[in-house]
Amino acid sequence: MEIVLVGLNHRTAPVEVRERVSFTAEQARRASEELRSKGILEETLVLSTCNRSEVYGVPPETSRESAPGLSTFLSEFHSVRMDVLGTSLYHHYDREAVRHLFRVAAGLDSMMLGEAEILGQVREAYRLAHEQGATGPVLNRLFQSALEVGKRVRAETELGARPVSVASAGVKLAERIFGKLRDRSALVLGAGTISEQVIAQLRDRGIARLLVMNRSRERADGLAKQYGGEALPWGEWEKALPLPDVIVSSVSAEEPILRREIVERAMERRGNRAVFLMDLGLPRNIDATVGKLYNVYVYNMDDLTEIVAQNRQARENEIPKADSIVEEHLGKFLSWQAGVELVGLVDELRAKMREERDQFVRDRVESIQHLTEADRKLVEKLIDEILESLLLEPAQRLRSEKDLRRKVQNVEALRDLFLGNREKS
Amino acid sequence: MHYALFISTVVAYALSLALYLIFLNTGKALTGRLGTLLLGAGLVMHYFVLLERSEGTHTVPYHDLYGAMSLFGWLLALTYLGLELYHRQRSVGALVLPFILVFFVAAHLAPADRLSPPDAHGPTFAFHVALNILAYAAFTLSCVLSLTFLIEERFLRNHRLGNIVWRLPPLELLERMSQSSVLIGLICITIGTAFGFLWVYRLSSKYSFYDPKYAITLLVLILYAVYFRLARTTAWRGARASKLCVFNFLIVFLSFTVVNLYLSANHRFF
Chain A
1 MEIVLVGLNH RTAPVEVRER VSFTAEQARR ASEELRSKGI LEETLVLSTC NRSEVYGVPP
61 ETSRESAPGL STFLSEFHSV RMDVLGTSLY HHYDREAVRH LFRVAAGLDS MMLGEAEILG
121 QVREAYRLAH EQGATGPVLN RLFQSALEVG KRVRAETELG ARPVSVASAG VKLAERIFGK
181 LRDRSALVLG AGTISEQVIA QLRDRGIARL LVMNRSRERA DGLAKQYGGE ALPWGEWEKA
241 LPLPDVIVSS VSAEEPILRR EIVERAMERR GNRAVFLMDL GLPRNIDATV GKLYNVYVYN
301 MDDLTEIVAQ NRQARENEIP KADSIVEEHL GKFLSWQAGV ELVGLVDELR AKMREERDQF
361 VRDRVESIQH LTEADRKLVE KLIDEILESL LLEPAQRLRS EKDLRRKVQN VEALRDLFLG
421 NREKS
Chain B
1001 MHYALFISTV VAYALSLALY LIFLNTGKAL TGRLGTLLLG AGLVMHYFVL LERSEGTHTV
1061 PYHDLYGAMS LFGWLLALTY LGLELYHRQR SVGALVLPFI LVFFVAAHLA PADRLSPPDA
1121 HGPTFAFHVA LNILAYAAFT LSCVLSLTFL IEERFLRNHR LGNIVWRLPP LELLERMSQS
1181 SVLIGLICIT IGTAFGFLWV YRLSSKYSFY DPKYAITLLV LILYAVYFRL ARTTAWRGAR
1241 ASKLCVFNFL IVFLSFTVVN LYLSANHRFF
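Residue numbers (this note's numbering), protein chains in the order written: chain A, 1 to 425; chain B, 1001 to 1270.
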């Protein structure tokens, strides 16, 4: 085994376990250091997000069966007993470890299929480990390939294209009307969990002005402070209505609070400019007839849930395309691993040696007057044979090298010494 | 015309249309960019087709139905490409390219007139015709944009969101693009018409007001000016203004077809 992965994620572990085994950046750095200093791994990278904690590594040649040691290390590092952790951990080696990482980077293994954040998290984890010097030629290559897979899947498939949460679907719909939200304003009535999700989405899209109103002013203040908005007194919501382009309502009320005549008045005051209303309350906060008003677009919880379901299906339809990209890059990685690139290196070395030979023949052999043309050819042939025999043995040794890490290091050393450039690693 | 040049232009426009359609359906940025590139290539080749035609007939390329239609298609493509680059929005390409393609191919299929040496020539006349055809192209584009707005607005209002709605430009951008297009049309038709009057005056030292084309051009100008004003008002912004824009185009269509072919003595093809 040359690449090992031990970890847990949202599929294998409940949140109570996941949160105990997650790594901060500092913990990840420390764990990497310990794993290498204890000789469990030679290269290491910790990937920790809210839904997964995974340790990727290259074990030393003398101790290939490193997964049990890695599990024990995780248990000790986080002070979580093995009987708690044991059933949640998964172990993958070589091909399966590579495939797993590629699927993670592609968003195929995420709780929310195709989510975009994971690629940034993989990139950040790699950056930290690389800066720390915890990665080497194998993990460098592996993670660069994974980042490429992630980018390609996002560019070539629809896996992450459409929103799959009620909050993001609502905000994306607002963008269908207004375009970019950077110069728009929003009013959020209510300060519950769903409101917070919408606020976070609006903030992500750079909404210019965010107003929060809630019956409990304290909660509105808290949300406004957290997301850089303004909290207004609940009693003023009707006065504030004409200003925003996006209105989100998620309050507990037995009757609709946004009645037709209220919205009509607000539209008059805002010069009939389009407004997008998101009704996330149950029972509904917005009168059903409001949607019939000119330039007023109303979406309630059912509408958004249906859109989310359609989009989920659309994303799932993209899985085969994304998987084929994963498999393509897996093949490339395995080819690299098997030393196919060695052929290129040997060819380059051979070309370099021939250049030297030609130079030598021009400078030294051609100046010997008594040699005939046939003699010169013979000398060239003999030089070629010596060069080939010099090249043969190291090439065979490199090919038969079982340790991938050492093989890559040797290839790099050869390039460095004879060709004067380094392979991208 | 060299047949190869004609075929190459058709192929460039058709491929551009296909790529724009794929872009609309999948959102792949690369296909959109290739669509734009091929549209640009089509425009260049189309220009040479027009040039070749002009050299062959020893006159400007709008003296017959063929030339007027082909020039219209070319200017439509040019206006669209300008708007696409200005607003950085490619999603409408799939809706505009069919018009360009149809006008180009139909122009080729239309019988070319045996032209007598035209008495209408000179730069003033050329500006008059070119600017007015450019105005028609811009109005056509604004109609396509307004129709797209109305369709998308209907889908959004009825909560029917398919693949395409996520790809179309936002409603407010469509409105802005349509207004930009109308503004181009208004400027062109105003200057183009002024050139027309100037040319008539130079030719006969007096204005003639008997041509129905004058009346309908004035009507078009007023209607689009009204649209341009109303589209920014409280009561009309949005779907109402877009409907007005589509209605205005019907008048343009009337002007370009019925009035030109049957009512006007001096404006047969433009």
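These aren't lab readings, by the way, just hints derived from the structure by calculation.
Check the hints yourself; a few may be wrong.
To be verified - Straight line, CA to CA, 20 Å or less: simulated DMTMM-like cross-link-like pairs of lysine to aspartate or glutamate:
| hint | chain 1 | residue 1 | chain 2 | residue 2 |
| --- | --- | --- | --- | --- |
| 1 | B | 1028 | A | 16 |
| 2 | B | 1028 | A | 401 |
| 3 | B | 1028 | A | 323 |
| 4 | B | 1028 | A | 175 |
| 5 | B | 1028 | A | 375 |
| 6 | B | 1028 | A | 306 |
Unchecked claim - Sample of chain B residues facing chain A (criterion: CB under 10 Å; computed from the structure):
| hint | residue |
| --- | --- |
| 7 | 1030 |
| 8 | 1055 |
| 9 | 1169 |
| 10 | 1233 |
Unchecked claim - Here are the computed distance ranges between Cβ atoms for each label pair:
| hint | chain 1 | residue 1 | chain 2 | residue 2 | range |
| --- | --- | --- | --- | --- | --- |
| 11 | B | 1033 | A | 216 | 44 to 52 Å |
| 12 | A | 403 | B | 1033 | 38 to 46 Å |
| 13 | A | 273 | B | 1253 | 25 to 33 Å |
| 14 | B | 1262 | A | 305 | 50 to 58 Å |
| 15 | B | 1218 | A | 261 | 58 to 66 Å |
| 16 | B | 1253 | A | 243 | 26 to 34 Å |
Source: prediction; values computed, not measured.
Glycine residues also receive a C-beta, built at the ideal position from the N, C-alpha and C atoms.
These are the hints, each one checked on the structure:
1. Simply put, residue 1028 of chain B and residue 16 of chain A have alpha-carbon atoms about 40 Å apart, too far for the 20 Å limit, and the pair is violated.
2. Using a Cα cut-off of 20 Å, the hinted pair residue 1028 of chain B and residue 401 of chain A is violated, with the two alpha carbons roughly 43 Å apart.
3. Distance restraint check for residue 1028 of chain B and residue 323 of chain A: the Cα-Cα separation of roughly 18 Å lies within the 20 Å cut-off, and the hinted pair is therefore satisfied.
4. Distance restraint check for residue 1028 of chain B and residue 175 of chain A: the Cα-Cα separation of roughly 19 Å lies within the 20 Å cut-off, and the hinted pair is therefore satisfied.
5. Taking the CA atoms of residue 1028 of chain B and residue 375 of chain A, the gap is about 63 Å. The hint is violated against a cut of 20 Å.
6. With a CA separation close to 25 Å, the supplied pair residue 1028 of chain B and residue 306 of chain A exceeds the 20 Å bound.
7. Restraint check, residue 1030 of chain B versus chain A: the minimum CB separation of about 8 Å is within 10 Å; hint holds.
8. The criterion of a C-beta within 10 Å of any C-beta in chain A is not met by residue 1055 of chain B, whose closest approach is roughly 45 Å, and the hint is violated.
9. Here the hint on residue 1169 of chain B is kept, as its CB sits about 8 Å from the closest CB of chain A, short of 10 Å.
10. Interface hint at residue 1233 of chain B: satisfied, since its Cβ lies 8 Å from the closest Cβ of chain A, which is below the 10 Å cut-off.
11. As the Cβ distance of residue 1033 of chain B to residue 216 of chain A is approximately 51 Å, the hint placing it in 44 to 52 Å holds.
12. In this structure the supplied range 38 to 46 Å holds for residue 403 of chain A paired with residue 1033 of chain B, their Cβ-Cβ distance being about 45 Å.
13. Distance hint check: the CB atoms of residue 273 of chain A and residue 1253 of chain B are about 31 Å apart, consistent with the given range 25 to 33 Å.
14. One distance hint, 50 to 58 Å for the beta-carbon pair residue 1262 of chain B and residue 305 of chain A, holds here, with the actual separation near 57 Å.
15. Look at residue 1218 of chain B against residue 261 of chain A: about 44 Å separates their beta carbons, and that is not inside 58 to 66 Å.
16. Between residue 1253 of chain B and residue 243 of chain A the CB atoms are about 42 Å apart, so this pair departs from the stated range of 26 to 34 Å.
The earlier numbered hints that this structure contradicts are 1, 2, 5, 6, 8, 15 and 16.
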